[in-house]
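All chains should be built: construct the whole structure from the sequences, respecting the hints.
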Amino acid sequence: MANETRIAQISCGTEYSGVQGKLNEVAERSGIKLVYPEVELDNVAEAVREFGYRAKSPGLNLMIARALSVLDDISVVDGVLLLTCFKCAEGSIVKNEIRKFLQRETDLPVITYSTVDHVKEGGLMIRLEALKTLVTRKTLLMRTKQEGITMGVDSGSSTTKCVIMKENEVIGTGWLPTTEVVGSAKKAIDLALEDAGMKMSEIGAVAVTGYGRHVVGDEIGADLVQEELTVNSKGAAFLADRQRGEATVLDIGGMDNKALTLNNAIPDDFTMGGVCAGASGRFLEITARRLGVDISELGDLALKGDASKIVMDSYCSIFGIQSLVSALGEGASKEDVAAAACRSVAEQVHEQQLQEVDLREPIIEVGGTALIEGLKVAFEDILGFDIIIPPYPQFAGAVGGALIVSAFVE
Amino acid sequence: MMKVLIYPPNSLILADLVERMGHEAVVLMKQIAKKVRDPELDSPPINIVEEDLKRALKYLSVEEPSGVRGRVGLMIPLVDEAEAAIIVEDADPSFGCMACAAANDYIEYMIRSKGVPTLIVPYPYDEDAAKILVQNVTDFLRSLES
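Protein sequence lines, in the order shown, are assigned to chains C and F. Reminder that position 219 of the first sequence reads as 219 in the UniProt record's numbering, one-by-one numbering, no gaps. Reminder that position 86 of the second sequence reads as 86 in the UniProt record's numbering, one-by-one numbering, no gaps.
Calculated directly from the structure, the hints in this document are not laboratory data. Certain hints may be false.
Keeping only pairs whose Cα atoms sit at most 35 Å apart, straight-line, the calculated DSBU-like set for lysine-lysine is [said to hold, decoys possible]:
#1 C:Lys186 / C:Lys145
#2 F:Lys54 / C:Lys22
#3 C:Lys87 / F:Lys35
The model shown is predicted, which means the values in this text are computed figures rather than measured ones.
See below:
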């Protein structure tokens, strides 16, 4: 294959976990050729000495030697996939140090992942797709400034967002719940055009991201259709003015959530929830409805409350709400219940997801729930990190699209 | 003739010593070869499948990383089969290794716990120590004949 992307797989345990076959299969489908940097066994000890970290597991020392061998002929590969077993403490340390080493010494995009025996195809696919994007669209992703007039559409699972940008500024936005994918996208576009006082013919280029990106992209003839991992990262880093250095993007959506770790606005790892409504914006929506307030008021209400006054027996959206309802029945204030709901979502995201990635400061919170101040405060309290809420947090994906696609404007 | 498990389980030198003394070496290579030759679609080139990881669950909890369970699952049948064992401690990776420290420690522990005649010797880092190792292994293998 002439245009195949060559990715160096530097890993420990994938064959013995039974996941190598799935990995090969997904890579092939993504147009990726996995290559294994060659290392002489006799050179492993020297490589480990040079790297400065000696693992107890020979397999991890071999990983270190393979990482160093990438530097010998950097033109051979286009990117690096780092894999160790989930819950292997030593593996996690080595993987992270190799990531930092490669990011320091090379310009190669790096994606990390912790493998389990029941590895999810979707999780592998989106990482490999992101790696491919990072390789094939490197020039686009280097862009730090938006130029001309461009549009970004984010066709999300709960909401559809659209922004219009002109000369590095957001000049129009459109937002509405996703019902019919294409119909919602068209309405969001109309809203954004109206807000900006523009016509579609004035837009220089359009990018589409989000889960409905392919169908929407085809329908509106988008110039760029790109997965949300790289686009959201660019948008969040741009809006927070953190395009250099490391950062973590936290995106608590209506139906799922993501935590992405970035280096110079480029993602290298992410974790994605979505199996539990108790860890999503949906839990907060249900709470707001039960309290008889609009979701936009819930955050401020939570700031006036004390979460510790409410005993939550479960993070579940059914049983957790039951706890909140019981508390109300016992005379708890709306403020305390709102605070407890925000705390519950933050704790659940922390316990279920954030411990899977190496959190890097600053944390940039995006997505619609970033507007709920009580949730930000709950995260800050649990993590001990300051959290940045950039302007237009709910439009991060759309802004990332508009920024990147401005490379297409003449 | 006895079935003698060697550790590291892929040490060609140890396997050769055992075979020369007329015993059957229980080695990882045979297990791996079976995995490579068996017609499986799941996970080439080493067809570690869910059953291998499940086998390890008899000994290890699901909390263990999958790579540890996969390796232990592969080694369990060899430990079950062993009538005697030779463990070379802290061996250089070029002599043979399991690649995963946790799997290494656990399998060594399982061999020691099995209660079969077991020789435990340190890895030799010079020629004199190597000669002593060979002598110890030879004496141990001879003692098994009686």
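Are any of the numbered hints broken by this structure? If so, which, sorted upward? Violated hints: none; all satisfied.
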